[in-house]
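Visitor: One letter stands for each residue in the lines below.
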Amino acid sequence: MKDSFQLPPVNRRSFLKQSGQLLIGFSLFPMVMCSPDNKDGDQTKVEEQPGRAGADDIDSWISLREDGTVTVITGKQELGQGIRTALMQMAAEELDVRMDRVSIITADTRQTPDERYTAGSRSIESSGRAIRQAAAEAHMRLLQLAEEKLGVKSEQLLVTDGVVQAKDNSKQSVSYWELLSGKKLSGKISGKAPLKNPTDYQLVGQPLPRREIIQMATGGEVFVHDMRLPGMVHARVLRPPGYGATLRAIPEQRVSKMPGVLKVVRNGSFAAVIATKEYQAIQALEALKAEATWESGPALPPQDELFQAMQKVREGQAVEESESIQETLQTAALQHEATYTRPYHMHASMGPSCALALWEENRLTIWTHSQGVYPLRNSIADMLQLDKEQIDVIGVPGAGCYGHNGADDVAADAALLARSLSGYPVRVQWMREDEHCWEPYGSAMVLQLKAGLDKLGKIVGWDTQIWSDSHSTRPGGEAGHLLAAQYLEDPFEKPGGGYSGGNHRNASPLYDFPDVRVVSHPFTGPLRTSALRALGAYANIFALESFMDEMAVLARQDPLAFRLKHLSDERGRAVLEAAAKGIDWDRRSKADHGLGIAFAQYKNEAAYFAVAAVVAYDRKSQELQLIRLVGAIDAGQTINPDGLKNQTEGGMIQSASWTLLEQITYDNSRVTSRNWDTYPILRFRQVPEVEVLVLDRPELPPLGAGEAAQGPTAAAIANAIYRATGKRMRDLPITPDKILSNKV
Amino acid sequence: MSQQFRLNINGRQVSVTADKNTPLLYILRDDLQLNGPKYGCGIAQCGSCMILVNGEARTSCVMPVSAVGNAKITTLEGIGTAEKPHPLQLAFQEEQAAQCGYCLNGMVITAKALLDQQASPGIDEIKEGMNRVLCRCGTHSRILKAVQRAAGTSNKG
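Here the protein sequences come in this chain order: A and B.
Numbering of the first sequence is given in the UniProt record's numbering, commencing with residue 1 and proceeding in unit increments.
Numbering of the second sequence is given in the UniProt record's numbering, commencing with residue 1 and proceeding in unit increments.
A couple of the hints might just be wrong.
Unchecked claim - Straight-line C-alpha distance at most 20 Å; calculated EDC-like pairs for lysine to aspartate or glutamate:
| # | chain 1 | residue 1 | chain 2 | residue 2 |
| --- | --- | --- | --- | --- |
| 1 | A | K277 | B | D19 |
| 2 | A | K257 | B | D19 |
| 3 | B | K127 | A | E689 |
| 4 | B | K20 | B | D31 |
| 5 | A | K192 | A | E147 |
I should point out that these hints are in silico values taken from the structure, not numbers from a laboratory.
Given the sequences, and given the hints that come with them, work out the whole structure.
Guide: Below, the structure is given as structure tokens:
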């Protein structure tokens, strides 16, 4: 692999710089134009970073190192979605190099572009697109160099694993690294570099394995949780007994004398302990907890009145509204309405959030599994009143987060504590109870749907009223969204809910309905909320696709045929038909077995996904079993079909867990879902058989896919349960006792 | 009060000084710098911290170091390495049976104990055996395939 490194004479091109690597800058960011911030509440826009890597001239996505390797640089983070492998595949493809030459650097404020948050299923669409363009540009420029070096026209050149040779004379060859001879190539992307024709792909579209899985299976250092820095100490934070509680007193003196305790930190209602060893910190935390006295915050309203309280909000924003919707609904041959509800759900990562921080020589370094290292840096700078240039935030993988969980908050905890103990790397990990009780949840939602049918059984009008709290309170640069900052002696006020687009995500039907109205009512609820995988789309699609089934029943039509009758979008039709075929839809439901189907295009602009479900219901024992899910996904050009399947299978199973089991409970003072017994999730015994069919469209742009399964899976399960039981279940989670008590 | 404990970890005798109530999990991670066992819940509900105790899968988060005695403790590292993985570990790579991978310790350890007791379990027996370990990414179907592959039962249905 490194056999061709005799350096040829220096070949000076105007864009070569003397620094040992090829750097291709890229500042055109076409994807930003397609997804301005106001349309994407996940804040995935690429920010320019004047004067540092990521700005016009130095933005770097691809680097050819002298040792014959290629480094891909992305501002996105690996969250278990396999983005490292997929982005490396895209780069290696355009560059014509083998995958084992390629490595990747992810989210790190010291060396990667600012790509805001790894969210909204946008990494392939945005970072991937930039990396692909950068790699194509590098490829083009290297071929220009080779043309000059070999005296052969570039059309007559062929690249094999980074070695350029004349098509008709294999003896005339030179490697990329020889061409660069230790120089760096930097410059802007001209946008003129031709992208490879998909029919010539050798890597993109292949199920290349994620190489890091063997590390995970053998105890390698994979997670931020596994980092051990020299001199590292351990901290635990004393969280209040409930939202808004104020700390009166802690046994500071006594705990300070406990074995291993280095420091008890108190700042307002934020208290923590730092100790030499991890278990010493935990014991000290227990001692703090046992004797701390608190003044309770405001009482939480009764949970069983939540949905009524939500629907009392009259204020609303019309997302879309046909002028004649009211009249259409009133004059329809048949009308129907139904209300659907979704409880608060949590991310519930397997590994409680963790971060390391070091304050040394007036600089703060943070190691975090945050989804957005740059926004986190800005937020921490705000909290600590530091210049953001004093802070480095380094992304390290954590346990799967599925959205905005405790990652940013624990990083803020670590930053505060490191600041109080200069020179020591401080590792903070939340306890299970902290994660369950303090992460920002996916908002509870109420969806009220109305529709009308004409005499031919076609839908003529469709009305959706949404009530939801915010799905977007990421820190985004403000300290007030960081948990610890809200409890300091000089607290930062928690800003109101941001971006309301998450609330109505996917509420607008993709079906061909003549008249549509969608109204979103903002609700400020009792619990902390933010982005959970798919945001509002999970409940909006659950409601839309359940109601579509109800309308099919009203129209006395087959649910699949009814959908197809209203859907002209070819790609939508294709995934529906594929899922139906996969589950053998035409065999119909047999006694106590039900088949259901549902579909959506995520965000009405990303991947198309349809899923069919089979459930069994035993009327005697009231046992409900989800037997099988078959999904069909069209994510445009598939970069890695196995990665796409893995994400989609996971989304289906996770959504099944939300749909059948999960809901956060709370009493008048606190969240009572404090561990896995009080917030059960799906276990192996309950896991359905899953199958994912990939409809690859190599000629089309790749589409974000990581959240596509959440909503349709919920509706397909509910629709299958209706077929098996005759009961229309509109209140999540769908549990056997609710099926029993449902008289509909 | 700290005391000294002699432990048999991954075939080696080690000596650690700790409070007798310290859960073995923290000894393994903190004192012995092993990455395999993970903190997940601290109350034996999730299985992230699984280890083998004389070949049996146990949750190390609730096992005080003083209760270990002469038991042979095996962690994920003791089963195989990235360079020389155990066939079961290799099966996880081959089936790409991970998303975030945080639960993989519990999965591999639990499957190891299961397969050591029962060479060719059926799919229902595997599900039953693995039921105590949680996965949040929804990678269950691949994990089942990895265990089946390691058991050589993937074609037996």
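Visitor: Are the hints correct? Go through all of them and say.
Guide: Hint-by-hint comparison with the structure:
no.: 1; hint: A:K277 x B:D19; verdict: holds, 11 Å
no.: 2; hint: A:K257 x B:D19; verdict: holds, 15 Å
no.: 3; hint: B:K127 x A:E689; verdict: holds, 12 Å
no.: 4; hint: B:K20 x B:D31; verdict: holds, 14 Å
no.: 5; hint: A:K192 x A:E147; verdict: holds, 18 Å
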